[in-house]
Amino acid sequence: MTDRSQSCGGSCGCKPEAETVDESRRGFLAGAAAAGATVLAPGVTLYAYGTAEAAAAGADPKKRWGLLIDVSKCVEGCTGCVTACQTENGWKTTGKPATDPQWIRKVTLRDPKSGATRSAPVMCQHCAEPPCADVCPTGASFKRADGIVLVDRHRCIGCRYCMMACPYKARSFVHEALEDQKPHAPRGMGTVEGCTLCVHRVDKGVAPACVEACAQTAGAIMFGDIADPKSEISKVIATYATMQIRGDLGVDPGVRYRNL
Amino acid sequence: MANVVYTECRGGQRFWTLFAGLVVLVMIGAVSALYMEHEGHIVTGMSNEIVWGLPHVFAVFLIVIASGVLNIASLGSVFGEMHYKPKARLSGVLAITFLVGGLAILVLDLGRPDRLTVAMTNYNFRSIFAWNVILYSGFIGVVIAYLVVQMTKAWVKFTPYVGLAAFLWRLTLTTGTGSIFGFLMARSPYASAVLAPLFIAMSLAYGLAVFILIRLALETSASRALGEELLQRLMRLLVIFIGSVLYFSGVFHFTSIYTAWRVDWEAYLLLDGGLYSLLFWGVYVLVGTLIPMAMLYGRTGVTRQREILATVMVLLGGFAHIYVIIIGGQAYPLKLFPGYEVTSSFNDGVVARYVPSLPELGLGLGGAALALAMAMMAMRLFRLLPKGNGESYGTAP
Amino acid sequence: MSERSSLERLLLVVSLLVMTVLAGIIGAHAGEVPLPAVPKATAGSCVAPPEVMRRSHMSMLQHGRDLSVRQGERIDGGRLTGCVNCHAVSDGKGGAVTVSSPQHFCRACHDYAAVKIDCFECHASRPEQAPKASDASPDVPASAHAALADYAKEIAR
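Chains as they are written, first to last, in the working numbering: chain W, 3 to 262; chain G, -18 to 378; chain R, 577 to 733.
Be careful, since some hints might not be right.
[Unchecked claim] With the C-beta cut set under 8 angstroms, the calculated list includes, among others, these residues of chain R facing chain W: (1) LYS616; (2) VAL645; (3) GLN647; (4) GLU649; (5) ARG650; (6) THR657; (7) SER677; (8) PRO678; (9) ILE693; (10) GLU697; (11) CYS698; (12) GLU704.
Hints in this document: simulated from the structure, not taken from any laboratory.
Backbone N, C-alpha and C define an ideal beta-carbon position, used for all residues, glycine too.
Model the full structure from these sequences, guided by the hints.
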């Protein structure tokens, strides 16, 4: 709140700058967004969103990006979303789950009474009231104006308090030195990381990698603006009962689950 | 006050041998920290599940001791117990050095200790951690002021006021330390405001225990006699303090048992926790609390050996207690889907494993050694200790 | 402790300090470190003249990083990514060198100036695709170029 750049993401501070973006740049970005839309998989164009103006202006405080995961469609044993995330963001597992990066994981649930099993991916839940951002001493953990929760690695000192505070085990600490990271997904030893909701794609008007991968197989993950009642995702949320993991904590996750 | 003469420690072979030993430990700690920073935390036992490990147990232990050890000084200048007054200087110095030792561990365990300036220039005031940065550095400032007014003749009259400020500051500081864990609402082993008073009780008990041990060590090695009656009082106080830790710990666990979503954590810790149950019941409750109480409570003519043994046991129990709170609390799995049996590739639903590594132990011991070495240096350089029998109970004003 | 012994100690400390400084001055002259050989960029002109870049690249990057990370205001081709792509140095095997090589563009100067670079602890230090040595077409689009150049002018003022 004393943080200049964070308040800048709000409604007042940055607006003028966004409007003074020179025309050539805006025009160029419009082209980029259009180009992005054409490469989308057929299932994903459904959730295409945003405008060139929005992309040029950065994170839009009127939006709140979220996911809806239909657990009944999620296939047990399928790790398509996890693999897609790894490829997109350049993280690998080495067979040591406790110290490996864990941006997204598949969880299998078994109801001990009926014996029924379900399966669902769990990643950063992009809370409206993120406990990680509350506890972060330097403000490195923060929520963007459009609801995406990120770690600003320029400020992260690696204290891991956010990992203590996260109710979802959604954050991991980079335990080993890295080389050849993806240019769009910087990550480095001694800092904390987690699902970014593929913010580099979202800013270009493209859905996250896990959503795109799942759309080609099960179609269990939906992406969109949950603050806009007219968006596809909001219509589904309005029609069917959905739940949030540990919704009792009041952190209001942006990731919702259906048929759980 | 006027008839108490303070002098420096004279040094001597035993003094410097011990000091050299501590310096070696500090160097081991520094090498451990460099190794951890260079190789990454992969060389430690810490993981994405046990994110805070043995170094943090050491650090919290030292920080809790730092605020508690100041109480000896507070007894003199805040509560008017004049017999404790001659000990105020040593008490203040120990408060600073133990805090510095603990903070050194915390800082060197960071993933990016080189970015300490970032932590000092970017504050998120919603974070209790950021507040603690201010509380800790402020504590050092207040205690230095406290020492200066005590040691400057013209300013001695301000001692009660600065002493009161230091006392209030240390209460706030320990509340802040306890709140680091108390504010973790998603984790059933924490998420309780009782942790703050529990940490204050711990600081009183373990701070006093450290003070007694150091004071007794000085008695034998630096021939600074300790009044027998005063020591008796300190031991009685220690019994009361470890009793209050047990009380708050009891309140903490009983409230947890009454909370439906936390009861299975209590069942785990108190019954099926393996090492953690053993550390809790065996080391903390039995060795660290009940036995020392039995050894000291209501007894007269307790031998020095027995006093030392009991005090060491209290500290051992305290360390085990903090280990159980920090490590055991993280080892117990987070419950994302209540009512379901959960499995995943990231150990969901499984108790996390933690085996401390040598660099972690090195870093922790290095921090503790730093605290003691700095205290020894201070005793050598400044007039902290009363000469001869100056502080014995009978002759104090 | 007599007055004299503390004076002696003070003198010792001061003379040690003086010796250290002298050793540094003499050492720096004796070394005669050669000027860095700065590798050529793969594309045409930079977003600003070299003298502006030399002085201000760090503030340009810092300004840009907060916009990208915190506000989501990105420019196509990326800010640091744009620099890395354009200034890639071929490793002679069809790829580009990483920052672990002294030939790396950033290192050439930073080694000389003895300034630690923190960027590549997290950021990729070479392009994802190998640089085409023959192909001199800039990867940074004109609009991004213009945006950065504007900021460079702002700083220069």
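Hint numbers contradicted by this structure: Hints 1, 7, 8, 9 not satisfied by this model.
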